[in-house]
Amino acid sequence: MDGVELSMENISVAYNGDITVLQGVALRAQPGEVTGIIGPNGAGKSTVLKTIFGLLTTRTGAIHMGGRDITGLKAFQRALEGIAFVPQNRSVFPGLSVYDNLLLGCWPFRKDKARITRAIAATFDKFPVLKERSASPASALSGGQQRFLEIARALVTDPKVILLDEPTAMIAPKISKDIYALTRSLADQGATIILVDQNVRQCAAISDRLHILELGRNKAEGTKEDFATDGQLKEMVAEWMNYRIDV
Amino acid sequence: MIWGGVVTLIILAFLPVPLFTTNLSFMFYMMLWLTMATSFNFVAGMAGYMPFGYVAFYGIGAYATGVLYKTFGLPIPIALAGAAAAGVAIGLLLAPTLRLKGVYFGIVSLALAMAMKLIISLMPAKITGGSLGLILSGANDPTMAYYAMFIVLLGALAAGTWLSMSRLGIALRAIRDDREAAEVVGVNVVRTRLKAWVMATMFPSLVGGVEAWYTNAIDLESSFNLLVTAKSIVYAMAGGLGFLVGPIVGASALYGIDQLIWRHFPTLNLLILGVVIIALMLLLPRGIVGAFAQRFSRFRRFIP
Amino acid sequence: MLKVDQLVKTFGGMTALAGISLTVPDRSILGVLGMNGSGKTTMLNCINGIYEATAGEISLDGVSLIGKAPHAVFSEGVGRTFQVPRIFPQMSLLENLAVALLNKGLSNAQVAEISAHWLNKVELYRLRHNYAEELSGGQQKLLELARIMVANPKLVLLDEPFAGVNPSLALLLIGIIREMPQEVGCSVMLVSHDLTSVYELSDNILVMHEGHVLAEGNAEAIQKNPDVIEAYLGA
Amino acid sequence: AEKIRIGMTVSSSGNFALASQSGVRGVEIWVDEINKQGGLEFGGEKRLVELVKRDDRSDKQMVARVYEDLIVNEDVDILLAPFGSTLTAAAATVTERLGKFMVIWSAASDALYDQGFKNIVSATQMPVSRMPSAGLEAAHALGGKKVAIVNVDEPFPAGLADGAEAIAEKLGMEVVLKEDYPKGTKDFSLLLQKARAAGADVFFPTSYEGDLISMVRQMRQMNVNFPFSFMVYASTPQFIEIGDDAQYIYSHTNFHPTINWEVNAGLDRAGFISAYETMFPNVSYEPDFQTVLAYGAAVIAGEIIEKADSFEADKLKQAALDLSDNLTVLAGPYAVDETGKQLKMPFPVVQLQPEKGLVTVWPEEVAVAKPVYPIPAWDQRN
Amino acid sequence: MNELLLQGLVNGIVVGLIYALIGVSLNVIFGVLRVVNFAHGEFIVLGAYGAYFAQQLLGLSPLLAMPLVFLVFGLIGYGLYFLLVQRLSRSNDPEHASLLVMFGLSLVLGALMLLAFEADSRSLNFSLEPPFLMFGNVILPTTKLLGLGVSVVITGCLAYFLYRTMPGKALRAIIMNRDAIQIVGVDLNHLSALTFGLGLGLAGITGIIVSMIFPSFSPFIGQDYTLIGFIVIVLGGLGHPIGAVAGGILFGLAEQTAMVFFSGTVAMLLGFVLLIAVILIRPAGLFGVQNLR
Ligand SMILES: Nc1ncnc2c1ncn2[C@@H]1O[C@H](COP(=O)(O)OP(=O)(O)OP(=O)(O)O)[C@@H](O)[C@H]1O
Ligand SMILES: Nc1ncnc2c1ncn2[C@@H]1O[C@H](COP(=O)(O)OP(=O)(O)OP(=O)(O)O)[C@@H](O)[C@H]1O
Ligand SMILES: [Mg+2]
Ligand SMILES: [Mg+2]
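First to last, the sequence lines map onto chains E, B, P, Y and S.
Just so we're aligned, residue 1487 is where the first sequence starts under this note's numbering, counting upward by one.
Just so we're aligned, residue 21 is where the second sequence starts under this note's numbering, counting upward by one.
Just so we're aligned, residue 4 is where the third sequence starts under this note's numbering, counting upward by one.
Just so we're aligned, residue 176 is where the fourth sequence starts under this note's numbering, counting upward by one.
Just so we're aligned, residue 3 is where the fifth sequence starts under this note's numbering, counting upward by one.
Source of the hints: derived by calculation from the structure; they are not laboratory data.
Keep in mind it's a predicted model, so treat the numbers as computed, not measured.
Don't take each hint at face value.
[To be verified] Pulled from the structure, derived: some chain E residues nowhere near chain S, Cβ distances all over 10 Å: (1) Gly1510; (2) Gly1547; (3) His1550; (4) Gly1558; (5) Arg1601; (6) Ala1608; (7) Lys1660; (8) Ala1667; (9) Leu1701; (10) Val1723.
[Said to hold, decoys possible] Calculated pairs, DSS-like style, for lysine-lysine (alpha carbon to alpha carbon, straight line, at most 30 Å): (11) E/Lys1617 <-> S/Lys171; (12) P/Lys124 <-> E/Lys1663; (13) Y/Lys228 <-> Y/Lys531; (14) S/Lys171 <-> E/Lys1560; (15) B/Lys121 <-> S/Lys171; (16) B/Lys146 <-> Y/Lys321; (17) Y/Lys353 <-> B/Lys146; (18) E/Lys1612 <-> S/Lys171; (19) Y/Lys345 <-> B/Lys146; (20) Y/Lys293 <-> Y/Lys490; (21) P/Lys227 <-> E/Lys1612; (22) B/Lys146 <-> Y/Lys519; (23) P/Lys71 <-> B/Lys215; (24) Y/Lys293 <-> B/Lys146; (25) Y/Lys320 <-> Y/Lys519; (26) P/Lys107 <-> B/Lys215; (27) E/Lys1599 <-> S/Lys171; (28) E/Lys1597 <-> S/Lys171; (29) E/Lys1660 <-> P/Lys227; (30) B/Lys121 <-> P/Lys71; (31) E/Lys1705 <-> P/Lys124; (32) E/Lys1599 <-> E/Lys1617; (33) B/Lys121 <-> P/Lys107.
C-beta atoms are modelled at their ideal positions from N, C-alpha and C, and glycine is treated no differently.
Construct the entire structure; sequences and hints are all you get.
So, in structure tokens, the structure goes:
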């Protein structure tokens, strides 16, 4: 799994023609790194991910993947290019079995039966709960189990770029630890990961680079070291986290 | 306030017509479609239900009026009241179908409309006039029928106004948005829908009855013609479901277009009507008012 | 007081709840933890009548809730929120709240007053005329909470109220929940994976596992319980 | 001089489209014919005739509206009815209310004439209750004893079926099956087998063409045959076009090469055919009995106008009564009673026979061939 | 009477399977794509005209015309999807918006057919030798057997496609979650358009079969078929080809056996009553799964 650099410059996005949500947002994510995005509700974090994945059309700006301009590609084409997306809201196919959900995750290489078998078996190893329930319809899974399924389905293709939108919301602490560990290890293996998370401490802990978004604009960004050393940045995050008694 | 203006406009437009012309039909049928589309909106727009068999109530109203007048010799006003009662009664009878969802409800109600037609056709010809139907030549009084339709229209508008402002209206919209969530915050879904349903069944029955009085001819084919449902849907949706003014705008615009087409392209009218409907839905999929509300979302809350 | 006794729920062959018993005393907060799929949401669904319990008894202040439809359970004074917020997107915030007050026999002025009070509390008052779909995810959670609180419930069931909520809003939410037993006089059942908040808010904590009660006790005891560490918290 | 304006509706679509359009071609022939002669004699001068036709989409609502529009806005002087009893009833309430005279060419329902309408007259269409008589008389004469009557549940076919039942009983035949089925029925095999199981030797379905075509096809598929099968619309070119399966079926018509009435108003057969061919060279079908009925009605309407010399409804009606029994048009002899009901215009019985084609077989006065009876079973045809 | 009842049962199954065939093609468009195809009956009738003109102009037998009609209709469907259906996803309520568009289309198609083919009833000049087969006392027309065979084959293939192959599963997944289907890399529009094409192609074939078995057709009868199609799939359950077969047979059996004892009108009434009863007992149809969305 070789990640590629993913970047967006000067991106503006609007819903319904007149509600501008992003204004000139820029972002750069390197292979082998986790790039974290934090910000208050409604800042536009999910919108950034949806835009990278091509579910929304941009007003201005461009998106590059490995140096190639992918702004004009449709969502499914980006998926075929190797971008995986775990959106914030539910994205399982409720009426299909767990197995079939994973199978559809293999769509990009659907002709290669052997690879499908291998990929699904590997996924089941990583997520034994899913193996247990492989024949039940996804709608019968609990909220958290559906979340595993989404993550598992996204990873089944060995994607180059992985977009995670609050992957551990509603997930038990024991498992969120596993998921963060998995995220980190995927990055260490070379994948490019963009992680949106309200769990600021965890996000900061595993990210190599952090972006803060507010009101649809870049507010601050820096590497882990910047945040550790730069006083202003440090304060910003601290203030941010101190909203919570203790996260 | 805007809504008050619309209602006033409607009253001013329709009230004096019989003073000026004997060609009442254009305005009569305009009122008919305004009423049908408005009351269709009670179930479709406010409760999120699509009864494809809406015509059943229209047909029942027509037949109830005809039978009561002709076979039982009752005066027209009483026959019309009977028609409303018959429509509501059948609506109540069908209440169990309200637990069905979406398309299922639609298709079942369509089946019910067909069943209703078959039942009437199986009734003795002495009562229903058999397959020829009933001719009410003795009741011919288009001006009175015109005003009867006017009153029915006003009734439908009043009901719509009340519905959109009342608690029932809020409950209905909550159900439409998220049925389960509504139930969890205390809305009795079945009972609420039943109320809207009863209101929505009364008006087409009255309309059917008044129309029968106006044309003096009742028969199965036209009383249970699916085009009646189809047009109610088309007119209401073209305007924008869920808005009070939606059906008004939709019905007046499309009815006008329909008339123009029919006059100028006598042989191609259905073709053109079809094209107009397609174009409208493709260009304004949320209807005229809905498109406006979406484009200018700031003003959305001012649209009645 | 909510009493749940030997509650069982099965889906076909799959047992989601295998005999859960618990009580929520008046004016107290019960925190519920548990692995994903352990049956927390299912339990809430059984209590408020979305699911029909397979066996067992549920009662609120001595009134059985078994067999009651969700709207009837609501009338008994049980409000709940959902794991994924379910507001009425095409209605204004005020109308969203009004839905919960429909059967209370209140005058319009009273409705307005209560609504304003709660919208102020969740800091959404200035958006009161906006459509609910225009709110961010976190705000929708707050609206959902306000929507049940206006009805002055006896018992509030909260399913993951903090998931995806940003720190400042979470703080607001925690403040509101903390005050609920005293100010509103209701008891709360708080289902969440947000350990810090659960520890901090709960009078008593229940840990569920595979449809059973794994442990029960105060925050300290739970944190130390080896079974809980093994099954839920992780090392 | 000012033109005489005649209003009517045609169905561009819906159930009545085919019949209605066939009919209006007949009216157009008459208009053309009259105008070539300089028009109708009216008020001491020749006045040209103009046909104002509108669409009714086979829709009753539409008819009421359009007839009102024709009278109020288009100022027509006299009206021709739309197709069929239902539409005609709707039109009649309007013409009656607005005091206009209407000439009917296709409304056969007996009930229509019992409503007390004063300003209508059925020029060419005999009432439905009498229409099946020729067919059943033929069946009776040939030896048919047990009749199976089936119909689609619509006014005209149902009226025919009721009439057939009454006539059959009067003739002393036993009605072993009388059954209706709803519009939209697609499969008739069971119905056919029921008729056979009931022991019928006369099969008398009174539905419209489409259903009749399905019935004969399925008769073959189910190996069902009756010694005498009479189908109202089996004489139409569309029906005959379906091929061999249409053979031997009995039907009736008022328009056929072998039927030549002593016409004293309008064109005779030959003249009519040549007029039709010049006017409608591109229409794929020949004139049928609807065309002839409508043409005949138009001719009679013209005679009535000339005789009345007025457009007042009661004068026109009086003229219509005065002309009763004095006219014979292409469709046959004309006679009406006070209610406007047609009393004559009989329909001869025809049969499609191999080699000979459609030939008149009953009554004997106009017959040109012997009926093939009983109709040979399917495996005995070649 | 017994013999007639037996014949009624057999007839019910055969007619039911033909109804099912109508339902199956509609189910692809309505059950799977959620496009309320009110013009379905018109397409079926067009299929019949296709065979009619293939026979008149090219001398093709209706059986040979099937692949041709399937291809032509499939292509038309593929194009129509982009023209008419794709944009509807922008609507609040795509399902009901599609109902209207398709209603408009049914008006247009009806009017065009009337212009092109005139109002007359037509009938394919087609028969098989022998025209019927006897099984004991029960008679079965050969064309019906043929239609029965085609129904079974088409339903089988479709069930296999939808439930066993990946594109089929992807197809069913579309209505479950439109965003998610793009997340896994499926070209939503292409696949939907293919499906629409498949549905119309099947409608064309259905038209040919139907016109061999219910012999006459005219531009006006489209609505009848649309209604039958909807009834069948609501009875059987949305989206499921086998469900459509069950629904079709149930409806056919009810109608035909009732016809043995009562008039056609009563039989049809009983058919509707059955539909209503079944739906009230099993609100998602015989094979339906509830709460898919
Ligand atoms: N479909 C939509 N229509 C209109 N506005 C929208 C839509 N989706 C999002 N928005 C608005 O866009 C803004 C950004 O939304 P987004 O979901 O990207 O925020 P976020 O940072 O992900 O918030 P959260 O932490 O709550 O998930 C918000 O103000 C939201 O109200
Ligand atoms: N409708 C259903 N049909 C079948 N099984 C179900 C259904 N709903 C829930 N389940 C099963 O019941 C078990 C409990 O689910 P529940 O949603 O209550 O878990 P939970 O504790 O809320 O989990 P989470 O923290 O992930 O939300 C799970 O294994 C789930 O798969
Ligand atoms: Mg977000
Ligand atoms: Mg849960």
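Hints, verified against the model:
no.	hint	in the structure
1	Gly1510	holds, 26 Å
2	Gly1547	holds, 21 Å
3	His1550	holds, 20 Å
4	Gly1558	holds, 15 Å
5	Arg1601	holds, 13 Å
6	Ala1608	holds, 17 Å
7	Lys1660	holds, 27 Å
8	Ala1667	holds, 24 Å
9	Leu1701	holds, 25 Å
10	Val1723	holds, 31 Å
11	E/Lys1617 <-> S/Lys171	holds, 19 Å
12	P/Lys124 <-> E/Lys1663	violated, 34 Å
13	Y/Lys228 <-> Y/Lys531	violated, 39 Å
14	S/Lys171 <-> E/Lys1560	holds, 21 Å
15	B/Lys121 <-> S/Lys171	holds, 24 Å
16	B/Lys146 <-> Y/Lys321	holds, 28 Å
17	Y/Lys353 <-> B/Lys146	holds, 18 Å
18	E/Lys1612 <-> S/Lys171	holds, 24 Å
19	Y/Lys345 <-> B/Lys146	holds, 22 Å
20	Y/Lys293 <-> Y/Lys490	holds, 11 Å
21	P/Lys227 <-> E/Lys1612	holds, 28 Å
22	B/Lys146 <-> Y/Lys519	holds, 28 Å
23	P/Lys71 <-> B/Lys215	holds, 22 Å
24	Y/Lys293 <-> B/Lys146	holds, 24 Å
25	Y/Lys320 <-> Y/Lys519	holds, 27 Å
26	P/Lys107 <-> B/Lys215	holds, 19 Å
27	E/Lys1599 <-> S/Lys171	holds, 16 Å
28	E/Lys1597 <-> S/Lys171	holds, 15 Å
29	E/Lys1660 <-> P/Lys227	holds, 15 Å
30	B/Lys121 <-> P/Lys71	holds, 21 Å
31	E/Lys1705 <-> P/Lys124	holds, 29 Å
32	E/Lys1599 <-> E/Lys1617	holds, 19 Å
33	B/Lys121 <-> P/Lys107	holds, 28 Å
This entry does not satisfy hints 12, 13, going by the numbered hints stated previously.
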